Amino acid sequence: MKKIFIISFFLFLSLTNTAQIKFEKGYFIKNNKEKVECLIKNIGWRYTPTQIDYKLASDTEIKTMKLTNIVEFGIYDDSKFIKRTVDIDRSSSDVDVFDEDRNPNFKTETIFLKLLLKGDINLYQYTNKDLFRFFYEKKATKEIKQLVYKQYYGYKYVDGNPVRGGVKTNNGFRQQIINYFDSKCVDTKNVKNLRYSKNDLVPFFKEFNQCSNKDINYITKKNKRRAFNFTVKVGLNNTSVSVLQTAVREFDFFSFDNKPNLKLGFELEHILSFNKNKWSIIFEPTYQSINFQGEQSETFQKNFNYSSVEIAIGVRHYLFLNTNNKFFINGMFVLSYAVNDSSAFLFTEQFIKPEIIHSFPIATGIGYQYSNKIGIELRYYSNRKLFSDFSFLNAKLDNIALVLGYTF
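Residue numbering for the sequence shown follows our numbering, beginning at 89 and increasing consecutively.
Quick caveat, the hints were computed from the structure, so don't treat them as lab data. Every clue listed holds true.
Quick list of in silico lysine-lysine cross-link-like pairs, BS3-like style, CA-CA up to 30 angstroms:
#, residue 1, residue 2
1, Lys227, Lys272
2, Lys364, Lys206
3, Lys217, Lys294
4, Lys129, Lys110
5, Lys217, Lys414
6, Lys461, Lys366
7, Lys151, Lys168
These numbers come from a predicted model, not from an experiment.
Using the sequences and the accompanying hints, generate a full structural model.
The following block contains the structure:
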């Protein structure tokens with residue numbers, strides 16, 4: 089079964105090698121102000137990129153452009169990045185390296201900023217693996233400034249001596265908004281509850297620009313995105329069980345041949361917002377029952393009956409063919425909880441009833457979803473130990489499953 093899955097996996101990779109490469113209409117502007125219309129590989133940049141892959145036409149070769157050679161690039165109706173020289177505070181967000189200074193440590197740098205919202209006051213974002221920062225720009229002045237946010241260690245006094253206290257936060261961006269934005273369009277009470285996040289700042293800037301009677305332009309197209317999916321699952325397992333026993337020498341090893349059995353369950357999926365919705369977290373509880381009846385005689389009997397609830401938690405990566413159809417790859421950790429067991433073995437008048445234990449296999453799967461509704465997946469589970477060490481039996485279960493799903 090493992091060989092079948094490995095062969096299928098590599099066939100899957102060969103078929104989907106180009107499925108995730110999507111070039112969309114865009115442009116970039118060189119340092120000499122020359123604008124180049126092209127097709128840009130859209131990977132939904134979670135972090136500010138350092139280079140882009142592009143083609144001058146759909147049938148031409150892929151080229152790479154480093155951002156040091158351009159001042160701006162964008163994908164129409166999707167995203168826009170501009171190069172600007174700004175003052176940025178790179179104070180770490182890692183609690184282990186916080187300092188004791190509440191004030192930002194600004195340094196002048198030339199960086200690329202992602203335009204989130206365009207209006208009377210533009211909103212920008214800069215992100216990398218270690219930090220995220222938001223910037224604003226008044227059209228009247230064309231000056232881009234960082235919205236101040238910094239976490240640091242405060243001080244407290246013990247016996248009159250200053251010692252490091254807990255983590256504090258400088259939410260200076262709130263005061264910036266109150267001081268520098270048009271007071272007619274700023275509700276001070278709402279500003280005091282504003283968080284330093286995209287989900288809070290984008291709606292706030294939208295309302296502010298609407299109040300000031302200026303046109304608003306979302307750079308990212310407003311496609312309705314489903315954050316959660318519910319899917320009913322039914323699977324057909326091809327299961328084999330091998331047993332090694334030490335109670336009777338002449339029957340030390342035997343196995344139950346591959347046998348199909350059903351599993352039923354459902355899946356909850358949370359689509360992550362970055363990287364063009366290609367990643368998700370999945371939670372899948374299922375129920376299965378396995379029944380084997382082996383050799384039967386007066387002195388030798390083998391019966392294996394096992395029911396379990398499996399709770400799988402993992403991640404999924406999509407490879408889009410188009411808006412409605414896609415391939416996917418799953419990786420999951422599984423808790424297999426035994427709920428019913430009537431397994432029993434008789435060896436030359438010695439009766440053994442093993443103790444079933446819970447197991448923690450790993451599962452990997454490859455699949456295809458049609459029309460965002462109907463899915464099919466080939467899934468392989470790692471071997472799992474079934475019996476406790478005190479039952480004179482060592483049993484391992486191996487299975488591969490064909491899983492069908494329907495998403496509501």
